[in-house]
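J.: Read off the chains here:
Number of protein chains: 4
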Amino acid sequence: MKKDLRTMDHLMYMEYYTGRNAGIFMKIKKMLHSYQSPYQRIDIFEHPDFGKVFALDGITMMTEVDEFMYHEMLVHVPLFVHPEPRRVLIIGGGDGGSLREALKHPSIEEAILCEIDPYVIEAAKKYLPTAVEMDNPKAKIVNENGAEFIKKYKDYFDAIIVDSTDPTAGEGGHLFTKEFYKNCFEALKEDGVFSAETEDPFYDKGWVAIAYNRISSAFPISKLYTGFMTTYPSGLWTYVFASKKYHPIDDFDPSRVQNFDHQLKYYNEDIHKACFVLPNFIKELINE
Amino acid sequence: MKKDLRTMDHLMYMEYYTGRNAGIFMKIKKMLHSYQSPYQRIDIFEHPDFGKVFALDGITMMTEVDEFMYHEMLVHVPLFVHPEPRRVLIIGGGDGGSLREALKHPSIEEAILCEIDPYVIEAAKKYLPTAVEMDNPKAKIVNENGAEFIKKYKDYFDAIIVDSTDPTAGEGGHLFTKEFYKNCFEALKEDGVFSAETEDPFYDKGWVAIAYNRISSAFPISKLYTGFMTTYPSGLWTYVFASKKYHPIDDFDPSRVQNFDHQLKYYNEDIHKACFVLPNFIKELINE
Amino acid sequence: MKKDLRTMDHLMYMEYYTGRNAGIFMKIKKMLHSYQSPYQRIDIFEHPDFGKVFALDGITMMTEVDEFMYHEMLVHVPLFVHPEPRRVLIIGGGDGGSLREALKHPSIEEAILCEIDPYVIEAAKKYLPTAVEMDNPKAKIVNENGAEFIKKYKDYFDAIIVDSTDPTAGEGGHLFTKEFYKNCFEALKEDGVFSAETEDPFYDKGWVAIAYNRISSAFPISKLYTGFMTTYPSGLWTYVFASKKYHPIDDFDPSRVQNFDHQLKYYNEDIHKACFVLPNFIKELINE
Amino acid sequence: MKKDLRTMDHLMYMEYYTGRNAGIFMKIKKMLHSYQSPYQRIDIFEHPDFGKVFALDGITMMTEVDEFMYHEMLVHVPLFVHPEPRRVLIIGGGDGGSLREALKHPSIEEAILCEIDPYVIEAAKKYLPTAVEMDNPKAKIVNENGAEFIKKYKDYFDAIIVDSTDPTAGEGGHLFTKEFYKNCFEALKEDGVFSAETEDPFYDKGWVAIAYNRISSAFPISKLYTGFMTTYPSGLWTYVFASKKYHPIDDFDPSRVQNFDHQLKYYNEDIHKACFVLPNFIKELINE
Numbered sequence: 001m002k003k004d005l006r007t008m009d010h011l012m013y014m015e016y017y018t019g020r021n022a023g024i025f026m027k028i029k030k031m032l033h034s035y036q037s038p039y040q041r042i043d044i045f046e047h048p049d050f051g052k053v054f055a056l057d058g059i060t061m062m063t064e065v066d067e068f069m070y071h072e073m074l075v076h077v078p079l080f081v082h083p084e085p086r087r088v089l090i091i092g093g094g095d096g097g098s099l100r101e102a103l104k105h106p107s108i109e110e111a112i113l114c115e116i117d118p119y120v121i122e123a124a125k126k127y128l129p130t131a132v133e134m135d136n137p138k139a140k141i142v143n144e145n146g147a148e149f150i151k152k153y154k155d156y157f158d159a160i161i162v163d164s165t166d167p168t169a170g171e172g173g174h175l176f177t178k179e180f181y182k183n184c185f186e187a188l189k190e191d192g193v194f195s196a197e198t199e200d201p202f203y204d205k206g207w208v209a210i211a212y213n214r215i216s217s218a219f220p221i222s223k224l225y226t227g228f229m230t231t232y233p234s235g236l237w238t239y240v241f242a243s244k245k246y247h248p249i250d251d252f253d254p255s256r257v258q259n260f261d262h263q264l265k266y267y268n269e270d271i272h273k274a275c276f277v278l279p280n281f282i283k284e285l286i287n288e
Numbered sequence: 001m002k003k004d005l006r007t008m009d010h011l012m013y014m015e016y017y018t019g020r021n022a023g024i025f026m027k028i029k030k031m032l033h034s035y036q037s038p039y040q041r042i043d044i045f046e047h048p049d050f051g052k053v054f055a056l057d058g059i060t061m062m063t064e065v066d067e068f069m070y071h072e073m074l075v076h077v078p079l080f081v082h083p084e085p086r087r088v089l090i091i092g093g094g095d096g097g098s099l100r101e102a103l104k105h106p107s108i109e110e111a112i113l114c115e116i117d118p119y120v121i122e123a124a125k126k127y128l129p130t131a132v133e134m135d136n137p138k139a140k141i142v143n144e145n146g147a148e149f150i151k152k153y154k155d156y157f158d159a160i161i162v163d164s165t166d167p168t169a170g171e172g173g174h175l176f177t178k179e180f181y182k183n184c185f186e187a188l189k190e191d192g193v194f195s196a197e198t199e200d201p202f203y204d205k206g207w208v209a210i211a212y213n214r215i216s217s218a219f220p221i222s223k224l225y226t227g228f229m230t231t232y233p234s235g236l237w238t239y240v241f242a243s244k245k246y247h248p249i250d251d252f253d254p255s256r257v258q259n260f261d262h263q264l265k266y267y268n269e270d271i272h273k274a275c276f277v278l279p280n281f282i283k284e285l286i287n288e
Numbered sequence: 001m002k003k004d005l006r007t008m009d010h011l012m013y014m015e016y017y018t019g020r021n022a023g024i025f026m027k028i029k030k031m032l033h034s035y036q037s038p039y040q041r042i043d044i045f046e047h048p049d050f051g052k053v054f055a056l057d058g059i060t061m062m063t064e065v066d067e068f069m070y071h072e073m074l075v076h077v078p079l080f081v082h083p084e085p086r087r088v089l090i091i092g093g094g095d096g097g098s099l100r101e102a103l104k105h106p107s108i109e110e111a112i113l114c115e116i117d118p119y120v121i122e123a124a125k126k127y128l129p130t131a132v133e134m135d136n137p138k139a140k141i142v143n144e145n146g147a148e149f150i151k152k153y154k155d156y157f158d159a160i161i162v163d164s165t166d167p168t169a170g171e172g173g174h175l176f177t178k179e180f181y182k183n184c185f186e187a188l189k190e191d192g193v194f195s196a197e198t199e200d201p202f203y204d205k206g207w208v209a210i211a212y213n214r215i216s217s218a219f220p221i222s223k224l225y226t227g228f229m230t231t232y233p234s235g236l237w238t239y240v241f242a243s244k245k246y247h248p249i250d251d252f253d254p255s256r257v258q259n260f261d262h263q264l265k266y267y268n269e270d271i272h273k274a275c276f277v278l279p280n281f282i283k284e285l286i287n288e
Numbered sequence: 001m002k003k004d005l006r007t008m009d010h011l012m013y014m015e016y017y018t019g020r021n022a023g024i025f026m027k028i029k030k031m032l033h034s035y036q037s038p039y040q041r042i043d044i045f046e047h048p049d050f051g052k053v054f055a056l057d058g059i060t061m062m063t064e065v066d067e068f069m070y071h072e073m074l075v076h077v078p079l080f081v082h083p084e085p086r087r088v089l090i091i092g093g094g095d096g097g098s099l100r101e102a103l104k105h106p107s108i109e110e111a112i113l114c115e116i117d118p119y120v121i122e123a124a125k126k127y128l129p130t131a132v133e134m135d136n137p138k139a140k141i142v143n144e145n146g147a148e149f150i151k152k153y154k155d156y157f158d159a160i161i162v163d164s165t166d167p168t169a170g171e172g173g174h175l176f177t178k179e180f181y182k183n184c185f186e187a188l189k190e191d192g193v194f195s196a197e198t199e200d201p202f203y204d205k206g207w208v209a210i211a212y213n214r215i216s217s218a219f220p221i222s223k224l225y226t227g228f229m230t231t232y233p234s235g236l237w238t239y240v241f242a243s244k245k246y247h248p249i250d251d252f253d254p255s256r257v258q259n260f261d262h263q264l265k266y267y268n269e270d271i272h273k274a275c276f277v278l279p280n281f282i283k284e285l286i287n288e
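Sequences listed follow chains A, B, C and D, in order.
Position 173, counted from 1, in the first sequence is what full-length UniProt numbering calls 173; the numbers after and before it change by one each time, with no gaps.
Position 96, counted from 1, in the second sequence is what full-length UniProt numbering calls 96; the numbers after and before it change by one each time, with no gaps.
Position 281, counted from 1, in the third sequence is what full-length UniProt numbering calls 281; the numbers after and before it change by one each time, with no gaps.
Position 37, counted from 1, in the fourth sequence is what full-length UniProt numbering calls 37; the numbers after and before it change by one each time, with no gaps.
Any given hint might turn out to be false.
Any copy will do: because identical chains look the same in the list, a pair fits if it lies in one copy or spans two.
[Claimed, not checked] With a straight-line Cα cutoff of 20 Å, these simulated EDC-like cross-link-like pairs (lysine to aspartate or glutamate) come out:
1. LYS283 to ASP261
2. LYS30 to GLU15
3. LYS265 to GLU288
4. LYS265 to GLU64
5. LYS104 to GLU84
6. LYS283 to GLU269
7. LYS273 to ASP250
8. LYS205 to ASP49
9. LYS178 to ASP166
10. LYS30 to GLU46
11. LYS205 to GLU64
12. LYS138 to GLU84
13. LYS245 to GLU186
14. LYS3 to ASP57
15. LYS152 to GLU190
16. LYS265 to GLU284
17. LYS30 to ASP57
18. LYS244 to GLU84
19. LYS30 to ASP9
20. LYS138 to GLU110
Derived from the structure by calculation, the hints contain no laboratory data.
All values reported here derive from a predicted model rather than from experimental measurement.
Turn these sequences into a full structure, and let the hints steer you where they fit.
T.: And the structure:
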């Protein structure tokens, strides 16, 4: 019988948050994978409490125990606003968690995951439980720069979900530009919806405002929303919902959530509405 | 001209979260105060981004830049439910932040701060901006064990606010017992309201459920609510509102918040309602 | 072309020294191996400057760049005192470094490496350059408890080298007992020599004195000597030479070192004599 | 009765060694002093085992428990070679340890301590036990740049001791130049002696060779010697003895050490000779 590794004090993962004056540390039970791709350093390790932890260039992308908070909020908010999303594009999201959530919606016919780094996909398939739907026949994985890939489509998608890394890490910056958001608008059908992760307003407050303002200038409807994300910097994560036509609350039908076939762990119909309520300091940050 | 200290990499504060498998690290710009009281080790330091940071036994109690999130949510939720709170008791809360928030309510005539450790009060007065109202004539500071002090009162307070340390640190455990909550009930007037910080559901999930269940067994009305608290473990903080008579939402009058004389940084009338909306995993944790 | 991993700040090895109030930290370039054997946790990683680093239960056993300091001093001091060592027993020493040094002596006919943990041998063969001589026909590897194994031999070995882990780690304690040293004495021929690593006099000062005194009570001749060991706690390492007959300096023939076929990196004929010169505080520690 | 501070895990001092890929960590019991002088950040703290620890720009200058190793080796090696040192100049050495050792020699009539930073002197006097002789009437403290100060003297000192910080820290670099060593030569009397700390050959191997070669080009006699220094990087410290006339071993009279009035903790007459014996890798480093 093989003995399980004993977690000690000797192997430590340290993520320095933006500004490098603070961060999170996690004890490492076992390193599972480390790889230097052309884009970034990929690490996956086992944590005694968090399960698998996946990091790019030393920035935590997800841990097994709380990734649901992030992926459910990023994906279900737009997909429950659109009445019948059929074609969805996920940009980034190489761990597969957003894809998994999107494919829970029965109307989805085609889900394209555009992850720039094929080594992330490979690692996710081998090590991460989030990758569970990567071989679903409705899913199509392409390894291209999302900022370029989006230009190929006009009036095509019902939903675009931007599941990027930090704007300051790897190729993340390309996914925070005005031009990119404009191209997302173009690639959406006339009633298309959009969501993007837009960082935290504590360590990265500048980026929250920049991303929100840029998205707002590209879409007629845009709203910032928040969610807890317990292993991300500050635990307070922001997202922006944007849309050509549907209002995130007025056009939201709670009964669709109530009748959903899947048991979710974070998102529910009340959270859908409550997540758009902002603390004063965040309102101020985005001048709302 | 005195030169400001340069923050380097050489002085680090590390808070190990419950379970000791993860935690937050912060660079120290300057240590301001360290003292071993009969109850705990008290440390206050300057952080380059967070301002003053105050810790008891190595657990962060507050940082200057985000304490408003915690103090506003702990204090204003109950005080805006009660129509006219006059007498408030704050148990714990030695940094003074809860007292400061309570005294923003003009109806308050008497605010007792029962902090067991006089050395915390002394340090707060000397170093922490949160202590600003400790000399307010309406405020009365007593250094007693809150779990004992509460027994002296029956049918007296309009509001009791439990601003304790962790149940596992110092004397914090006394403030998480059934008997204590029962005594809080007794010390409240017939329409009294109550709030308590009840830890985070990620690192301390057991305590959230225990505290909620114990409070629920002592009060006819009780509701868990959440708030972001960016430098606390997980960033997701829970509180319990409890009451003898008033319902936290049905009896809440948003116009009182709108007409409030003070500019708050987190709490607003919409947050008041949204904070009671719980993600599914927290509902499940408390069997709601 | 595969890209080399970029060492960042996010993976850290921390060895807490005895007392746990200080220690060494090393950035990890790549974890190569982690295994929980029945005896201990085995870790091997790549450090950007130190090459391979090998640790047992979070205690550094060797790094590729400086292991020569330790292995040369542990092995050559006794083997250059004995005029013609043929049979040598190495107890512990699972990385193979002591074996490699011993086999540089052309008179050696049989070198037994008694390492309790077969998983250490396996890992060393796969990952560590020190294991280079493990398949030498003169070498014989046995996986037994050295403290038991030694009892099988009487009047057999020319030299015994105790290359143990810390007395407080894993099975290390068995190799620091009076009985063990007595059994080493018995297993040696009438002119046999002995050496043992005996910790550092800064973090483990108690053990230096204990080991020295116990060895001294078992052998007629015993001398403490020191060497630099740059990645071990304090950098100041002690060893004890003991012998049934030969004096470490009076019976030492420098010409044998001068005519040695191998280029050594630390040990030389002058070091042989100088290493027995002790700073006053170490003399005092062992009452010399 | 005031309670002693309990050392926990929450305050950590981390010294990154040259290259920043490894370093030492120490738990902090209590910070005693932090000051940003025009030259450097000065920190003094209490460690549970090491007593007072003094650091400049995050580099450990000394700890109370092992500073004797460094100061005795830096000072007594040259002062026991010179037959009757009367005038000694210490450059750097702001903690006072070298001054204290120098003044143990009864022949000393004038000991000048040239420490560039007056705030180091002030802090040392207030906090460090090493400063014990700073008010000795034979001592004179000047706060000037040593590289400039030395130019004022010709044929004046019997001994010059360079007790600098790292060449890469603060103003340390000025004390590692050819010109500086040449000026030291000029400032010495015809039989003057010199010593300098020259870093460690593990993390700073380049500097050891550079310093040795530059000193060798300025003095007819020069020899590298080593000593253990348990809280310095690698624990292996190098020094260079240089001299206009006296040979460090041939002109050394051990009886002077034996008859010395002071009880030393590291240095003795045998160490004096043994410390010039170099491991092969250090010989190679300096091409000896």
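J.: Determine for every hint whether it applies to the structure shown.
T.: Taking the hints in turn, this is what the structure says about them:
no.: 1; hint: LYS283 to ASP261; result: between (35 Å within a copy, 19 Å between copies)
no.: 2; hint: LYS30 to GLU15; result: both (17 Å within a copy, 17 Å between copies)
no.: 3; hint: LYS265 to GLU288; result: between (30 Å within a copy, 14 Å between copies)
no.: 4; hint: LYS265 to GLU64; result: within (13 Å within a copy, 33 Å between copies)
no.: 5; hint: LYS104 to GLU84; result: within (13 Å within a copy, 49 Å between copies)
no.: 6; hint: LYS283 to GLU269; result: between (23 Å within a copy, 13 Å between copies)
no.: 7; hint: LYS273 to ASP250; result: both (10 Å within a copy, 18 Å between copies)
no.: 8; hint: LYS205 to ASP49; result: between (29 Å within a copy, 12 Å between copies)
no.: 9; hint: LYS178 to ASP166; result: within (16 Å within a copy, 45 Å between copies)
no.: 10; hint: LYS30 to GLU46; result: both (5 Å within a copy, 15 Å between copies)
no.: 11; hint: LYS205 to GLU64; result: between (26 Å within a copy, 17 Å between copies)
no.: 12; hint: LYS138 to GLU84; result: within (16 Å within a copy, 59 Å between copies)
no.: 13; hint: LYS245 to GLU186; result: within (13 Å within a copy, 54 Å between copies)
no.: 14; hint: LYS3 to ASP57; result: between (31 Å within a copy, 14 Å between copies)
no.: 15; hint: LYS152 to GLU190; result: within (17 Å within a copy, 67 Å between copies)
no.: 16; hint: LYS265 to GLU284; result: between (30 Å within a copy, 9 Å between copies)
no.: 17; hint: LYS30 to ASP57; result: both (18 Å within a copy, 13 Å between copies)
no.: 18; hint: LYS244 to GLU84; result: within (15 Å within a copy, 46 Å between copies)
no.: 19; hint: LYS30 to ASP9; result: both (12 Å within a copy, 18 Å between copies)
no.: 20; hint: LYS138 to GLU110; result: within (5 Å within a copy, 65 Å between copies)
Every hint, counting from the list given before, is met by this structure.
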